[in-house]
Each structure stands twice: as C-alpha cells, then as structure tokens.
Amino acid sequence: MGLVPVALDLIGIFVFALSGALLGVRIQFDIVGVIVLGAVTGLGGGIMRDVLIGDTPPASFTDWRYLAVPVVAALVAFRFHPKLARIERYVDWFDAMGLGLFCVLGTVKALFFGLDPIPAALMGVLTAIGGGVLRDLLANRMPVVLRQDVYAIPALAGATVVVLTWEAGVFREWVLVPAAALCIALRFLAMHRRWSAPRASDLRRD
Amino acid sequence: MGLVPVALDLIGIFVFALSGALLGVRIQFDIVGVIVLGAVTGLGGGIMRDVLIGDTPPASFTDWRYLAVPVVAALVAFRFHPKLARIERYVDWFDAMGLGLFCVLGTVKALFFGLDPIPAALMGVLTAIGGGVLRDLLANRMPVVLRQDVYAIPALAGATVVVLTWEAGVFREWVLVPAAALCIALRFLAMHRRWSAPRASDLRRD
Amino acid sequence: MGLVPVALDLIGIFVFALSGALLGVRIQFDIVGVIVLGAVTGLGGGIMRDVLIGDTPPASFTDWRYLAVPVVAALVAFRFHPKLARIERYVDWFDAMGLGLFCVLGTVKALFFGLDPIPAALMGVLTAIGGGVLRDLLANRMPVVLRQDVYAIPALAGATVVVLTWEAGVFREWVLVPAAALCIALRFLAMHRRWSAPRASDLRRD
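Quick mapping for you: the protein sequence lines, in order, are chains A, B and C.
The numbering of the first sequence is UniProt numbering, which starts it at 1 and goes up by one.
The numbering of the second sequence is UniProt numbering, which starts it at 1 and goes up by one.
The numbering of the third sequence is UniProt numbering, which starts it at 1 and goes up by one.
One chain only, chain A, in its complex shape:
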C-alpha cells in the first residue's frame, strides 16, 4: 500500500483501539486487559479479513506500526480516560471515521486479492465492524452493532462505491476518499438523527 492508505489505516486502528480500551477501562479490566481489548478492537477486523482471504500472517503482525498504534491508544485511554469521557462525543466521531476508512480499505484489499465484487464488499464491512464485534464478545456483551444503531449500512455504502467503480473500470486510489466520506457522512447522519433500522417487532402492527 502507498503511504496515504497506510496512514489512513493507522488512524482507523488508533480510533478503534481507543474505543476498545475505553470500554476495557469502564468494565474494570487491568492494564493488560485494556491493551488486549484495544488491540483486538483496532486490529481484529483486519485480521479476520486477512485470515479469510488467505493473506497470512496478517499485515498487523509483519509491520511493527500496526502493533505499536493500538498499544499507544490503549495507554492513552488508560491514563487519560477521565478527560476522554468528557469528549466521548468526539470518540463517536473518530469511530465513524475509522468505520469509513476500514470499509473502503478492506474492500480494496479483497479486490486486489481477486475476490468478486460482492464478497469484496462484505470483506470491507467485516473489516469495519469485525473489531467491534470481537471487542463486545470479549467484554461479554451482545455486539452493539447487531442490536442497535445504523452502523453496518454506512460501511456497506462505502464498500459499494468502491466495488462499483472497480467493476466499471474507473477505480483510482482517490476514489477511496469520497467513498469513505460517504460512509462517514451517513454514519454522522444516523447518529445525529437517531436513525434506526427496522426491527421485526415493528411489523407486528401490520
């Protein structure tokens, strides 16, 4: 990957690791647990993608920056969590940015590995939401992204832009920017307008 994608990837890892580490602090994990939960949240989605597409060992294990970033994020969360709590709204913003970055970067990687468009888009979504699902499993709570919140749909939208331009033969690296921006914008709207996806119980009145 070029320098820009790697930088975007590391930013995404940092913000996700921060969200995982903050959860670890809240549920009274010790510092080792906080680092593990942060690293799993930041790296888990990409690792699952790499294992599934057969790119082992995952990039996260062959590039020290991918390991250093979540550790730093976890230590920041551990030390400054009372201040971070005050800015938790901004953490949601960062999380949305991570979602946008991961869904497009994950999709592109899967396409480069020869996956078809639909599986590649799903790999992008997995990259984006996988870390959060693992975080919630380790924290012994039902995965937030499956239960509430419009979260996976913006990721799917960003991934779809990438595969459509790829299939049309007009994909260039800069496409990642508007594709990620679309995901981030949709996620912002979903948070601020409190969108929610339909539930089966909503149908009962039919």
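Some hints could be false.
The list cannot tell twin chains apart, which means a pair is met if one copy fits it or any two copies do.
The calculated SDA-like cross-link candidates involving lysine to any residue, where the alpha carbons are at most 20 Å apart (straight line), are [claimed, not checked]: (1) Lys83 with Arg199; (2) Lys83 with Phe94; (3) Lys83 with Leu156; (4) Lys83 with Val72; (5) Lys83 with Trp195; (6) Lys83 with Pro198; (7) Lys83 with Ser201; (8) Lys83 with Arg26.
Because the hints were derived from the structure by calculation, they are not lab data.
We have chain A already, so just place chains B and C on it with the hints.
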C-alpha cells in the same frame, strides 16, 4: 462438487440461517443484525472448516449462491416470524436435516483435502455445529449444543460412516445419503425421546 | 519438533484441557460439552496461532496424540472431578506449567515460520492464553485473563527470553527450559503474593 451436493449444502445453509435469524428476531436485533446472525449461523461452520483446512477464501465467498441463500432465509424469518413460530417444531426438523447434511459434506471435503480420518470426522462435526456455536456467542448465550441435547453425537455418527467407507475404499458419493440419514434419524430420536447425554452431577450417586 | 518439545506440548495440552473440562463440569455441561470445552481450552491457543501464521491444517489435526490427550483429560475431569476439586490448588500449578510451556513453544514455532521477534513473542502469548480465552467465551463469562490476575505478563516474559536469545544468535533448544521456568516462576509468585496489574480506577487518586 456436483449439483446434488451443492443443492444439499444450500438447503442446509437455508435451514440453519433460518434458525439463526429467528433467534435474532426474538432477541430484538434490527434487520441488519438478523441478516448477520442468519448468515453466521448458516455459513459459520463451513467457513471455520475452510479456514482450518487452508481452503481460503472459503467457498462461501466465491459463490454468490452461498451468500444469497442466508440473506433470503433471514428476510423470510424477519417478515414471517409470527407464522414461523407456529411451525417451530418443523424448524427443529429442518435443523436436524441441516445437521445431517453438513456433517457428511464437511467430512468429505476434509478427506478430499488430505486430512486423516479422525480429523476429517471432527471437521464434519465442526461444520455441522460450528454455525450454531457462533450464533449463540453473538447472541451472548452459552452454546446450546454444549449444554443440553444430544446434538453433536448424531453428527459424529454420520461423519463416522463417511470416514469408515472412505478408509475401506468403498466410498461412493451415494454413501452421503445413508450417512446423513443416520445422523438425521438419531437426531429425531434424540428429540422425540428427550435423550440427554450424561452429566457429571449424574455420577454423584455413585 | 523433537521428542522433548512434543512431550512438553502434550503436557501443556493435558493440563489446560483439564482446566477447561473442570469448568465444563462445574457449569453443568453434558459429557460432549465437557470434552469440547476441554479440547478447545487445550488446543485453541495453538490452533489460533497456526491459522494466523498460515500453518494449516493445524498440527492438532494431523497428529492423533494432539486429539487424544484433551479427550483423556476431559474424561478424567468428568469422572474424578470431586477428587480433583480437592486438589484444585495443584490444578493452578499445572495451569502455570502449561502457560510456561506454551508461551515458549509458540514463540519458537512463530520464529521458525519467519515472523519478526515482536510478532513471534505475541504469538507465544496468544498460544499460552488463547485457549483460556476461548474457554471463557464458550462458558459465556468474561475472559479471566483480561480481568484479573497477572497471567499474560509471565507469558510475555518467557516469550521475550526466547526472542532475545534468537536475535542474539545464541538460541539453542535448551533455552526453552529456563525461559519456560521464568514464566512459571513469575506466575507462581503472582499467585502466591496475589499480585495484580494496575487498573485505571487506581489512578483516580492521582
């Protein structure tokens, strides 16, 4: 795989996805969560098997039918769940059929990949029960198949028939039918006679 | 691997499987669940390592002894658990031995597969704590090793000795013994002196 094994595989995926999606509806997941839970239940066992035997990316990601079937199953569960609740007894029957199909198909695939008989049979059992275990993890409940019910043993019986005929050099594709039927029959018996495997507490009276 | 490493590996698997199976008995799993929980605890860390470094199918599936040992451990736990409860203190000792063996053996394997020192040490830690994390996920409880107890740090210490000697070019097979012994000694000290890693709440008084 030939047309018949693929068709059996897709039927198994459909019924397992249905069971996962119905659980998602019951625990109030939104529609995205219901689709994810259905897909994980239908495809998870096969994906774990493929990752473990080194067949990546898993077939589920290279064949669109493997992705379409669980989505359709989830939408059916989402829309028609009040009617499905009335036929939940039949869902158990379908689930038993999925168990029988997956345990023999998973075993055969592992044998084709060069695994020894015992590991191959275990891969068959993993294919059959893995999706249900992942479903329960995501729903934050203890895996049903480990806690109650004679569920893994019928799968092991079906897988054993496949590896025995394979080792004896008399394996033909049609062997899958009686092997799956044995598993399904044992599972039916276990359900109707309320068989249960021994628990350690049962030994206390010794 | 030579005979000694394999023997050490099997001992580690046995004691970890025993801990998993005993938990299964305590939470009322039936005998199938007890065997599965024992096998996952004993083999899970090594399987995750093998999948991540790309060594599939994992050794556990190609060598019958790796499958037989956890089954025997589970049956021992199932049959003799009242007696084992009385010696639970010794189980902790065995568990510490498993930790020491797995962290150094996992690290060496990752180094042989070409991983860099830091990722290799992390693979050693994953090998040592991964089975216990999977055990706790299947038992639907928060992973003990993330929440309490100085557990991962001794494993990291043992793994560090291995990678340091490797990098210095002085690694020989016998280095595994003092490296594992360091981990085991630290774990014993942590248990007996009730060490605990810092928690973020401890910082509140700052």
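Under the constraints set out in the numbered hints, which ones does this structure not fulfil? The structure breaks hints 3 and 5; every other hint is satisfied.
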